[in-house]
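Q: With the hints as extra help, turn the sequences into a complete structure.
Chains A and B, in that order, are what the protein sequence lines are.
So my numbering is basically just the index in the first sequence, starting at one, shifted up by 5.
So my numbering is basically just the index in the second sequence, starting at one, shifted up by 1.
I should point out that these hints are in silico values taken from the structure, not numbers from a laboratory.
All figures in this text were calculated on a predicted structure; none of them were measured in a lab.
Ideal placement from N, C-alpha and C gives every residue a C-beta, glycine not left out.
Take the hints with a grain of salt, since some may be wrong.
Taking lysine-lysine and the DSSO-like style, the derived pairs with C-alpha atoms no more than 27 Å apart in a straight line are [unchecked claim]:
#1 A:K611 to A:K597
#2 B:K252 to A:K477
#3 B:K195 to B:K316
#4 A:K285 to B:K195
#5 B:K323 to A:K195
#6 A:K426 to B:K325
#7 A:K237 to B:K325
#8 B:K325 to A:K196
#9 A:K239 to B:K323
#10 A:K477 to B:K15
#11 B:K325 to A:K239
#12 B:K323 to A:K421
#13 A:K597 to A:K614
#14 A:K239 to A:K421
#15 A:K285 to A:K426
#16 A:K568 to A:K611
#17 A:K164 to A:K200
#18 B:K323 to A:K196
#19 A:K263 to B:K316
#20 A:K611 to A:K586
#21 A:K263 to A:K285
#22 B:K240 to B:K254
#23 A:K285 to B:K323
#24 A:K421 to B:K325
#25 B:K15 to A:K447
#26 B:K325 to A:K285
#27 A:K200 to B:K323
#28 A:K185 to A:K421
#29 A:K285 to B:K316
#30 B:K266 to B:K143
#31 A:K164 to A:K202
Label pairs and their computed distance ranges (CB to CB) [as the list claims (entries may be wrong)]:
#32 A:N486 to B:N277: 52 to 62 Å
#33 B:T133 to A:P61: 46 to 56 Å
#34 A:R434 to B:E320: 28 to 38 Å
#35 B:E303 to A:L441: 36 to 46 Å
#36 B:Q136 to A:D610: 55 to 65 Å
#37 A:L509 to B:T133: 48 to 58 Å
#38 A:I13 to B:R319: 44 to 54 Å
#39 B:A309 to A:Q205: 23 to 33 Å
#40 A:Q293 to B:G233: 35 to 45 Å
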Amino acid sequence: MGKNTSVIEREEVVIRFSGDSGDGMQLTGTLFSDTAALFGNDVSTFPDYPAEIRAPQGSVGGVSGFTVHLGHSEINTPGDFTDVLVAMNPAAVKANAAWVKEGGTIIYDLDNFTDKNIEKAGYIKDPIKEENFESYNIIAAPISTLVKEALKDYELDPKTILRTKNMFALGMVYWLFDRKLNYTEAFFDKKFHHKPKIAQANKVALRAGYYYAETIEALTPIYKILPAPIAKGKYRNINGNTATAWGFIAAAEKAGLKLFIGSYPITPATGILEELAARKDLGVISFQAEDEIAGICTALGASFAGRLAITTTSGPGLALKSEAIGLAVMTELPVVIVDVQRGGPSTGLPTKTEQADLFQALYGRNGESPLVVIASGTPTDCFDYAFEAARIALEHMTPVLLLTDSYLANGTEPWKIPSMKDIREIKPRYASPEELPFVPYKRDEETLARSWAIPGVPGLQHRIGGLEKNTKGNVSYLPDNHEKMVRIRAEKVERVSNEVPDLLVQGSDSGDLLIVGWGGSYGFIVTAFRELIAEGHNVSFVNFNYINPLPRNVKDVFSRFRKIVVCELNLGQFADYLRMKHQEFTYHQINKVQGVPFTISDIKDKCIKLLEEK
Amino acid sequence: MEETTLKYTAKDYKSDQEVRWCPGCGDHAVLSSVQRALAELGIPREQIAFISGIGCSSRFPYYMDTYGFHGIHGRAAAIASGVKTANPELSVWQITGDGDALAIGGNHFIHAVRRNIDLNIILFNNEIYGLTKGQYSPTSSKGLVTKTSPFGTVEEPFSVGELVIGAKGKFFARTIDANIALSTQIYTAAARHKGASVIEVLQNCVIFNDGIHEEVTGKEVRDERTIILKHGEPMIFGKDNEKGLILDGLKLKVVKIGENGITVKDLLIHNAAEPNPGIQYMLANMRYPEYPVALGIIRAVEGITYDASVHGQIKNVRENAKIKCMDDLLSSGSTWNVE
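A: As structure tokens, this is what we get:
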């Protein structure tokens, strides 16, 4: 660290890496985030990339970003506004201009700010001037020239050399944040151990960037973020999709079952299928189906055959699976459907986040076909809710729909690694070969769950199907029988509420305003809630993870507040659902449908307004 | 799936449910043939799963005292694929029709065949939609007048065998519903074949398409208008075994033994095990009146199955894996300790 450099100690800092979709920004951000987490900061990250694999170079639509929020205190969101923007081209400045904090730092690749690129990004001549960023901390580094120079003696082709630009930029950022390079260097040694030249090139570029930033020391202050006070234990970084996949493996292990996934690739859910396809070491059977319908149907077949079966998808795929989910409701087979929500309707915004599949999850089937719907709140608790979805499916013999979203799927957080011995057992409801004849729809008196008879067990041969049937499983068109069965299936799902934990109110038990959220908006709302409390406002907060059935104490909690406001990334589906389930209350709404998560101010400003109104 | 020395009879596979197909429907004979085949194979009932879609034939699982799953329209192949991949020990049978397998379920059908999942797929082909009361299907002959084609269909029909071979299928056979001896033989062979076996049953719908196959399968004419192919034997047919098939240039040709010096030795020998499907493709596509319609096992080529490959891969990976349980996975990769 140079002697002229000032050090700013900060509670938290947001940094955004941004460039063309081919610039390697996702990797750069991930490496920075891992280094920060290893240092002991709390971290939250969010990748933001276009649906096109390689959108037109230099265009604003093709900008790919990765945001890292790191702090000395608890971090629940990837942050609204960025302190540091790394812009690999003018389009990256354009795409992020509105999100740079007043007086923030902008590092950019001067070599990429050619007249042509500047024009492509929609600027006339000088992006920094046109955005009024002149008073900001601007670091214009000729990155392309510098990596060419740094790697000139390494006998590499020009393309390979230019690919290391992101590592040069990362090196600069490491210096800026006073971080060590060893984790990143080890990463390259491992990733390219068969291509030592490539590993070397990346390491050289990384160091060159670091030393360059040091050399031009006068340019900027150094940010210092001390480690966060985190509970003792072993940690790792994990994103929501991986956590979801692992939650299912854990559930299979606790239930003593093999895990089967039948899925079709779809953004942003594919990561779960990819992770489970790689987990053959733990015996996971993965089936990449020919389409979404085959995804759920193979899962249903596997469930019938006695496996813990899941299928993963996003909104458009969930629509295709509707009929087969109805079959799961009718046959009362345990199966978990994961919907990693994205912007809709139709193809919508494939890579962006939204919470607008709630009604589809609850009601998107023909006939009376209720199922259990639960939702994860954070990237790491995707593990817990995937586990819980599997547990409910197996113990209650019902399909369970787990809602996550694009933000949770791709967002990462440090995660205190659980130990399997601390996780509850799962007891599937197997039919007994001693109790013959087997009656397929005979039910447990408490839960109304039927028993699961697995092919291969002598004496339990039986037939199930999509037609209405009587308790014995034989087809029945009798009017009374149909109504009886419809009511039983509904009641069975309703009785899951006996196991749903009560809503936990953060803040005081009663007061002026209860802020209500559900699923993946948790981090944004809780941050806004804490800031409101710190500013002296009388607010409380609850987040719903159990959507159907709802926790039993909803009415009790809601009745103790003067106002209730429901925050969600749609036009008010959960608010409408609550209006239907608990009509006695008035629900205010905070909604956003822009494909991006809430900002803290989105929520705070409206809450303050609600508090001020009579 | 293991064949045992236990003695079973066809009756052992009958469920207590009353069979509700129309009197005279070809499905009754298929049910009976399948039960005989299972008895011959001696597969324990609990090791068998029958999976169906929607349509008249798809009620089949209810009539079997085995595990059964009556699915949704077109999806039997996908459900059956899940059952077999989840537990390769089971003997898995898919019951489907021409509408179920080739229209709404066409995608699942070709992919199950392509993957070579060890399923026994019995495709009841009556060239009509029966359960919805008489609309044309993907196998209806061009021009067929039905309720939804009052002026005749304008579509080219699928040929099941052509589709199976096009989808890289390794087993294709054809039989007639009422020919219980031939059918039983074919179902037995299909069950023993490792991989996706497709059996097209020329099945008669007495109500909506009665006699659709009669021109070929009728008692009086069937010897002349069909040929039962047997692996390793000459392609011979006719009431008095007086006709046969030869290759004339690039085409099959019907010849009369004794005419133009043709002897049995000149006839083509059927080779169902030949991986190159050229001749089998022509055999599967033979249509009356130019040719006799081919029955029997037209193609039966050995190959590795999807289910065996999947579980083989899992076994191989597990043998050398560092991660043996969930706790290992949780602690794998980069982790750090907070003291």
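Q: Now tell me if each hint is right for this structure.
A: A quick look at each hint next to the structure:
The suggested pairing of K611 (chain A) with K597 (chain A) holds, with an alpha-carbon distance near 12 Å, which does not exceed 27 Å. Restraint check for K252 (chain B) and K477 (chain A): the C-alpha separation of about 56 Å exceeds 27 Å, so the hint is violated. A distance of roughly 20 Å separates the Cα atoms of K195 (chain B) and K316 (chain B); the hinted pair therefore holds under the 27 Å criterion. Straight-line distance between C-alpha atoms of K285 (chain A) and K195 (chain B) comes to about 24 Å, which keeps the hinted pair within the 27 Å bound.
The suggested pairing of K323 (chain B) with K195 (chain A) holds, with an alpha-carbon distance near 17 Å, which does not exceed 27 Å. For the hint pairing K426 (chain A) with K325 (chain B), the CA-to-CA distance comes to about 15 Å; that is within 27 Å, so the pair holds. Our distance criterion of 27 Å between C-alpha atoms is met by K237 (chain A) and K325 (chain B), whose separation comes to about 26 Å. Between K325 (chain B) and K196 (chain A), the direct Cα distance comes to roughly 23 Å. Compliance with the 27 Å bound is thereby established for this hinted pair.
Between the alpha carbons of K239 (chain A) and K323 (chain B) the distance comes to roughly 19 Å, so the proposed pair stays at or under 27 Å and holds. A C-alpha spacing of about 17 Å is found between K477 (chain A) and K15 (chain B), which places the hinted pair at or below 27 Å, so the restraint holds. In summary, the hint linking K325 (chain B) to K239 (chain A) is supported, as the alpha carbons are separated by about 19 Å, within the 27 Å threshold. For the given pair, K323 (chain B) sits about 22 Å from K421 (chain A) by alpha-carbon distance, which is consistent with the 27 Å threshold.
Proximity of K597 (chain A) to K614 (chain A) is assessed by CA-CA distance (about 17 Å); at most 27 Å being required, the pair is judged to hold. Taking the CA atoms of K239 (chain A) and K421 (chain A), the gap is near 6 Å; set against the 27 Å cutoff, the hint holds. For the given pair, K285 (chain A) sits about 22 Å from K426 (chain A) by alpha-carbon distance, which is consistent with the 27 Å threshold. For the suggested pair K568 (chain A) and K611 (chain A), the alpha carbons sit about 13 Å apart, so the restraint of at most 27 Å is met.
For the suggested pair K164 (chain A) and K200 (chain A), the alpha carbons sit about 16 Å apart, so the restraint of at most 27 Å is met. At most 27 Å may separate the alpha-carbon atoms for a hinted pair to count; K323 (chain B) and K196 (chain A) meet this at roughly 18 Å. Between K263 (chain A) and K316 (chain B) the CA atoms are separated by roughly 13 Å; this keeps the pair inside 27 Å, and the hint holds. In summary, the hint linking K611 (chain A) to K586 (chain A) is supported, as the alpha carbons are separated by about 25 Å, within the 27 Å threshold.
Restraint check for K263 (chain A) and K285 (chain A): the C-alpha separation of about 11 Å stays at or below 27 Å, so the hint holds. The hinted pair formed by K240 (chain B) and K254 (chain B) meets the criterion: a straight-line CA distance of about 18 Å does not exceed 27 Å. Of the supplied pair hints, the one linking K285 (chain A) and K323 (chain B) holds, its CA atoms being roughly 12 Å apart against a limit of 27 Å. Our distance criterion of 27 Å between C-alpha atoms is met by K421 (chain A) and K325 (chain B), whose separation comes to about 21 Å.
Taking the CA atoms of K15 (chain B) and K447 (chain A), the gap is about 23 Å. The hint holds against a cut of 27 Å. Of the supplied pair hints, the one linking K325 (chain B) and K285 (chain A) holds, its CA atoms being roughly 10 Å apart against a limit of 27 Å. Annotation: proposed proximity of K200 (chain A) to K323 (chain B) holds, straight-line Cα distance about 24 Å (limit 27 Å). Between K185 (chain A) and K421 (chain A) the alpha-carbon distance is near 23 Å, which keeps this suggested pair within the 27 Å criterion.
Between the alpha carbons of K285 (chain A) and K316 (chain B) the distance comes to roughly 8 Å, so the proposed pair stays at or under 27 Å and holds. In summary, the hint linking K266 (chain B) to K143 (chain B) is not supported, as the alpha carbons are separated by about 38 Å, beyond the 27 Å threshold. Annotation: proposed proximity of K164 (chain A) to K202 (chain A) holds, straight-line Cα distance about 14 Å (limit 27 Å). The given range of 52 to 62 Å is respected by N486 (chain A) and N277 (chain B), whose C-beta atoms sit roughly 56 Å from each other.
As the Cβ distance of T133 (chain B) to P61 (chain A) is approximately 50 Å, the hint placing it in 46 to 56 Å holds. At roughly 33 Å, the beta-carbon separation of R434 (chain A) and E320 (chain B) lies within the given 28 to 38 Å, and the hint holds. Against the hinted window of 36 to 46 Å, the Cβ-Cβ separation of E303 (chain B) and L441 (chain A) comes to about 40 Å, which satisfies the hint. Separated by about 60 Å at the C-beta atoms, Q136 (chain B) and D610 (chain A) satisfy the suggested range of 55 to 65 Å.
Under the hint 48 to 58 Å, the C-beta atoms of L509 (chain A) and T133 (chain B), about 53 Å apart, fit the expected range. Between I13 (chain A) and R319 (chain B) the CB atoms are about 51 Å apart, so this pair conforms to the stated range of 44 to 54 Å. Judged by the Cβ atoms, the range 23 to 33 Å given for A309 (chain B) and Q205 (chain A) is violated: they are separated by roughly 43 Å. Range check, Q293 (chain A) to G233 (chain B): Cβ separation about 39 Å, and the 35 to 45 Å hint holds.
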